[in-house]
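Here the protein sequences line up with chains A and B, keeping their order. Numbering-wise (our numbering), the first sequence opens with residue 293 and increments by one. Numbering-wise (our numbering), the second sequence opens with residue 32 and increments by one.
Honestly, the hints are just simulated from the structure, not real lab data. Nothing here was measured: the structure is a model prediction, and the numbers come from that model. Careful, some of the hints might be misleading.
What the simulated footprint calls covered on chain A by chain B, stretch by stretch (three residues with Cβ under 8 angstroms from a Cβ of chain B suffice, anywhere in the stretch; the number is not a length) [to be verified]:
hint	stretch
1	326 to 332
2	349 to 355
3	360 to 373
DSSO-like mimics (lysine-lysine), calculated; alpha carbons at most 27 angstroms apart, straight line [as the list claims (entries may be wrong)]:
hint	chain 1	residue 1	chain 2	residue 2
4	A	K339	B	K83
5	A	K398	B	K83
6	A	K336	B	K74
7	A	K398	B	K107
8	B	K107	A	K339
9	A	K360	A	K398
10	A	K398	A	K339
11	A	K360	B	K74
12	A	K360	A	K339
13	B	K74	B	K107
Backbone N, C-alpha and C define an ideal beta-carbon position, used for all residues, glycine too.
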Amino acid sequence: QSALTQPASVSGSPGQSITISCTGTNSDVGGYNYVSWYQQHPGKAPKLMIYDVSSRPSGVSNRFSGSKSGNTASLTISGLQAEDEADYYCTSYTRSSTWAFGGGTKVTVL
Amino acid sequence: EVQLVESGGGLVQPGGSLRLSCAASGFTFTAHWMTWVRQAPGKGLEWVANIKQDGSRTHYVDSVKGRFTISRDNAKNSLYLQMNSLRAEDTAVYYCASNTDYRFDYWGQGTLVTVSS
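Full structure from sequences and hints, please.
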């Protein structure tokens with residue numbers, strides 16, 4: 293049960309777009325369209341931002357979008373805002389009927 | 032309003048046991064798989080275990096197999112995690128989360144478990 297690989301940090305200026313990658317294997321990310329993304333502010337519970345690779349829950353800004361190519365999924369935040377500064381985690385269903393999380397990416401708004 | 036409220040965390044010595052609870056309200060508990068996710072201090076999220084709607088199927092991360100048991104009481108809208116043979120590396124905030132299809136759509140605020148002598 294290996295963790296998915298995310299960059300430790302990504303930064304951008306307000307209004308810019310950033311992309312966070314999430315790399316797994318064909319036993320998880322590449323094998324299923326069940327990648328989801330979570331935002332976590334310090335001291336708070338995670339919040340679902342994207343599910344099933346690219347679907348957005350009701351109430352989540354359309355500045356957040358997801359995609360996948362092969363074994364790598366991506367989360368893009370466009371029109372970066374100060375409130376987007378947080379940790380972001382990807383997760384994928386796996387062939388073992390378990391879930392793998394990425395190590396998390398700290399997004400900094402410059 | 033959906034609410035998931037964890038309880039039962041605390042300080043326990045290595046080798047000890049603890050039982051976490053998660054009280055659910057505001058949604059149809061019996062319609063959802065339920066999950067425990069943990070987060071060690073300053074670290075990332077780690078999926079721990081999940082349980083099917085009727086309790087008939089469970090899955091665990093390798094590191095807790097044989098030590099932790101997930102269960103639920105649908106009559107009480109409650110989820111549990113029995114943790115035995117606790118180790119220092121089990122120290123974390125434990126979150127319960129509801130599953131809809133293949134996503135964790137609602138999360139509790141977490142309960143802190145500290146394993147230390």
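_Structure versus earlier hints, numbers of those that do not hold, lowest first_ = 2, 3, 5, 7 and 13
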